[in-house]
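Participant: Sequence:
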Amino acid sequence: MLTLLKVRNLALVEEAAVEWGPGLNVITGETGAGKSVLMGALALLLGERAEPGAVRNGTDRCIVEARFELQGPARQAVEAILEEAGVEPEDDGSLLVRRIVKAAGGGGATVNDSPVTLGLLKRLGGVLVDLHGPHDHQSLFKTSAQLDVLDSVADDATELAAYQAAWHEQRQWEARLAELEGDVGDVDAQIDLLEYRVKEISEAALDPDEEPRIHQEHEILGNLQRVLELSQEIVQAISEGEPSALGVLHGALQDAPELARLLPEAAEWADSLTRHANALAALSTEVQRRAESLEGDGERLEWLDNRIATYERLKRKYGPELADVQHVLQTSSARLADLKSRDKRRTEAKTQLARLAHELQTRGLALRQRRQAAAARLGPAITRELRELGFEHGRLDVELTPLDASSAQGLDHVEMMFAPNEGEGRRPLRAIASSGEISRVMLAIKVVLADADRTDVLVFDEIDANVGGETAHAVGRKLAAAAAARQVVAITHLAPVAAHGRHHVLVAKNVEDGRTLTRVRILPEADRPAEITRMLGGDIAGHGDAAHALALDLLRRAHEDAPAAPAPSPRAPRKPRQATLFPKGTEK
1 MLTLLKVRNL
11 ALVEEAAVEW
21 GPGLNVITGE
31 TGAGKSVLMG
41 ALALLLGERA
51 EPGAVRNGTD
61 RCIVEARFEL
71 QGPARQAVEA
81 ILEEAGVEPE
91 DDGSLLVRRI
101 VKAAGGGGAT
111 VNDSPVTLGL
121 LKRLGGVLVD
131 LHGPHDHQSL
141 FKTSAQLDVL
151 DSVADDATEL
161 AAYQAAWHEQ
171 RQWEARLAEL
181 EGDVGDVDAQ
191 IDLLEYRVKE
201 ISEAALDPDE
211 EPRIHQEHEI
221 LGNLQRVLEL
231 SQEIVQAISE
241 GEPSALGVLH
251 GALQDAPELA
261 RLLPEAAEWA
271 DSLTRHANAL
281 AALSTEVQRR
291 AESLEGDGER
301 LEWLDNRIAT
311 YERLKRKYGP
321 ELADVQHVLQ
331 TSSARLADLK
341 SRDKRRTEAK
351 TQLARLAHEL
361 QTRGLALRQR
371 RQAAAARLGP
381 AITRELRELG
391 FEHGRLDVEL
401 TPLDASSAQG
411 LDHVEMMFAP
421 NEGEGRRPLR
431 AIASSGEISR
441 VMLAIKVVLA
451 DADRTDVLVF
461 DEIDANVGGE
471 TAHAVGRKLA
481 AAAAARQVVA
491 ITHLAPVAAH
501 GRHHVLVAKN
511 VEDGRTLTRV
521 RILPEADRPA
531 EITRMLGGDI
541 AGHGDAAHAL
551 ALDLLRRAHE
561 DAPAAPAPSP
571 RAPRKPRQAT
581 LFPKGTEK
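Take the sequence shown: its letter number 210 is residue 210 in the working numbering, and every next letter is one higher.
It is worth saying that the hints were derived from the structure and are not from the lab.
Each hint should be verified, as a subset may be incorrect.
Said to hold, decoys possible - In silico DSBU-like pairs for lysine-lysine, Cα to Cα no more than 30 Å straight-line:
#, residue 1, residue 2
1, 344, 6
2, 350, 315
3, 102, 509
4, 102, 199
5, 350, 340
6, 6, 142
7, 199, 122
8, 122, 142
9, 6, 122
10, 317, 340
11, 317, 199
12, 199, 344
13, 344, 315
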C-alpha cells in the first residue's frame with residue numbers, strides 16, 4: 001500500500017505531501033489545477049522518463065518520494081527483486097523510493113537509500129502499482145492485451161511457459177534447416193576444391209618453429225666455403241698462427257711467478273691469465289670441431305631450397321603470413337566437414353521439427369483448454385459488471401479462434417466482442433468509438449481481475465471521463481468495490497465518484513507573489529461537502545443550497561453503500577530510520 005507521496009518542484013507544485021490510506025483515495029480539483037502532477041510523480045517513481053519541463057521554473061531539480069507498506073505476495077516479489085539487486089529490504093516491509101530529476105538533465109534514484117537504476121524502478125513498479133492514465137484504456141484495443149487479461153484469469157503461466165519454450169526451440173531448428181537447405185551453389189565442386197586445399201596444406205606439414213631453422217641452415221650451407229675460411233682464420237689467430245694469442249699468453253704466464261714474488265697482488269693476475277688462456281684454448285677447439293662437422297651436402301641444400309619454396313608458395317597463395325595459412329586450413333576443414341555432413345544434419349533438423357510440431361500442438365491444445373474455460377467465466381463476469389455500470393443490456397464475450405499458424409502466444413486468436421445495447425451487433429473493442437464506453441469496460445475488467453491481480457495499488461487517472469448521470473454513481477460504487485481488496489487511487493471530476501472516496505485529496509491552483517502554484521491537501525471529513533458541492537456546480541448563482549444538499553445526500557448514500565473497510569494488517573514495530581523524506585541537502 002502507498003502510504004506517503006512527497007513532491008518538490010515538480011511542474012507547478014512547489015512542495016506537497018500526501019498521506020494515503022487503505023480503500024478508495026480520490027483526487028479532485030478544478031480542471032488544470034495540477035491533479036495529474038501527482039500521477040506524474042508516481043510515474044517517475046515507477047521508472048518512467050521525465051517529460052521536458054518537469055522541473056518547476058526557477059529551480060534546478062525536482063524530487064519525488066514515496067513510502068510503501070508491503071505485505072503478502074507483493075512484499076515477497078519486491079524483496080526478491082531487491083535481493084537480486086543487492087538492496088537491503090526493511091524488516092517491517094516498508095519501501096522508500098526516491099527520484100531526483102535535474103533541470104539540466106540527468107538525476108538519480110534510490111530505494112531504501114541505496115542508489116538504483118531506472119530499470120530497477122520499472123521492475124519494482126510492475127509489482128507495486130498498476131497505473132492507468134487517461135489514454136491507457138486504448139491498450140485494450142490490442143488483442144495482445146486482451147490475451148494477457150485472459151491468461152491472468154486462466155492462471156496458465158506454467159502451460160504458457162512450456163508452450164513458448166517449445167515454440168522458440170522450433171524457430172531455432174527452422175532457422176537451422178533453412179540454412180542447411182540454403183543455396184550453397186555446386187556442393188560437389190566446393191567439396192573437391194576444399195579437399196584439394198586441405199590436402200595441399202596438410203601434406204606440407206607446416207611448422208612455425210621449423211621455418212626459421214631451415215632458413216638458418218640454408219644460409220650456412222649456401223655459404224659453406226666462406227664459413228670454413230673464417231673459422232680457420234679464428235683458429236689461426238687463437239692457437240695455430242705465428243704468433244698466436246695463446247703463444248703470447250704463454251710467455252706472460254712464464255713471467256707471472258717472478259712478478260708475484262715482487263708484487264704480491266700479482267698472484268691473482270696469474271690466475272686470471274690462466275683462466276683466459278684456458279677459455280681461448282676451448283674456443284679454438286670448438287670452432288675447429290664445428291668447422292670440421294660441416295660438409296658440403298648438395299642433396300641437403302636442395303631439400304632446404306624445396307622446403308623454403310613450399311613455405312613461400314603457400315604463404316603467397318593463402319597468406320601472407322604462416323598463421324593465415326593455418327587459419328585457411330582450419331576453416332576449410334570445418335567447411336568441408338559441414339558440407340559432407342549436410343544431409344545427416346538436415347535429417348536431424350527435420351526429425352527435431354517433427355517432434356516439436358507434435359509437442360507444440362499438444363501444449364497449445366492444453367493452453368487452449370485453460371483459456372476456453374477462462375473465457376467462459378470472464379465474459380459473463382465482465383458482462384455482469386458492465387450492466388451495473390449502465391449497460392443494462394450490454395454484453396461482452398471473449399472469443400477464441402484458431403490461428404492458421406502457431407504464434408509465440410499460442411494456437412489461438414483472442415478477441416473481446418462488445419455489444420453495448422440491445423439489438424446492436426457485437427463489435428471488437430477497437431471498433432468502439434466512445435471513450436466513455438471503453439473506460440467503463442476497463443473498469444469492469446479491473447473489478448473482475450481484482451482477485452487475480454497481485455498489485456497492491458491500483459491507480460486510475462480520469463477513468464470516469466465522458467460518463468455521467470446514474471452511470472457516475474455506478475462507477476463510484478465499482479471503484480469502492482475494487483478498493484475493498486486493495487488500495488485504489490482515482491482522479492475524478494464526478495461528484496458521485498468522489499463521494500465514494502474513503503480519503504479525499506484536493507488539488508488547487510493559486511497565484512502567490514505573482515507566481516502560479518499548485519497546492520495539495522487532505523480534506524478532512526467536515527470539508528468534503530463543500531468540495532462535492534463545487535463539483536456539482538454549487539458556485540453557480542442560485543444553486544448553492546440545492547447543490548450542498550445533494551452533496552450531503554451523495555456522501556450519505558456513498559457511506560451506506562461502502563464495503564467494509566479493509567482491516568489494517570499487523571506489522572512489526574518499525575525500526576528507526578536514518579534517512580527521512582527530503583533529507584537536508586537534497587533540495588539544492
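Participant: Against each hint, give a clear statement of whether it holds in the structure.
Facilitator: Right, here's what the structure says about each hint:
| no. | hint | result |
| --- | --- | --- |
| 1 | 344 with 6 | 66 Å, violated |
| 2 | 350 with 315 | 42 Å, violated |
| 3 | 102 with 509 | 24 Å, holds |
| 4 | 102 with 199 | 67 Å, violated |
| 5 | 350 with 340 | 18 Å, holds |
| 6 | 6 with 142 | 35 Å, violated |
| 7 | 199 with 122 | 59 Å, violated |
| 8 | 122 with 142 | 22 Å, holds |
| 9 | 6 with 122 | 19 Å, holds |
| 10 | 317 with 340 | 25 Å, holds |
| 11 | 317 with 199 | 14 Å, holds |
| 12 | 199 with 344 | 24 Å, holds |
| 13 | 344 with 315 | 35 Å, violated |
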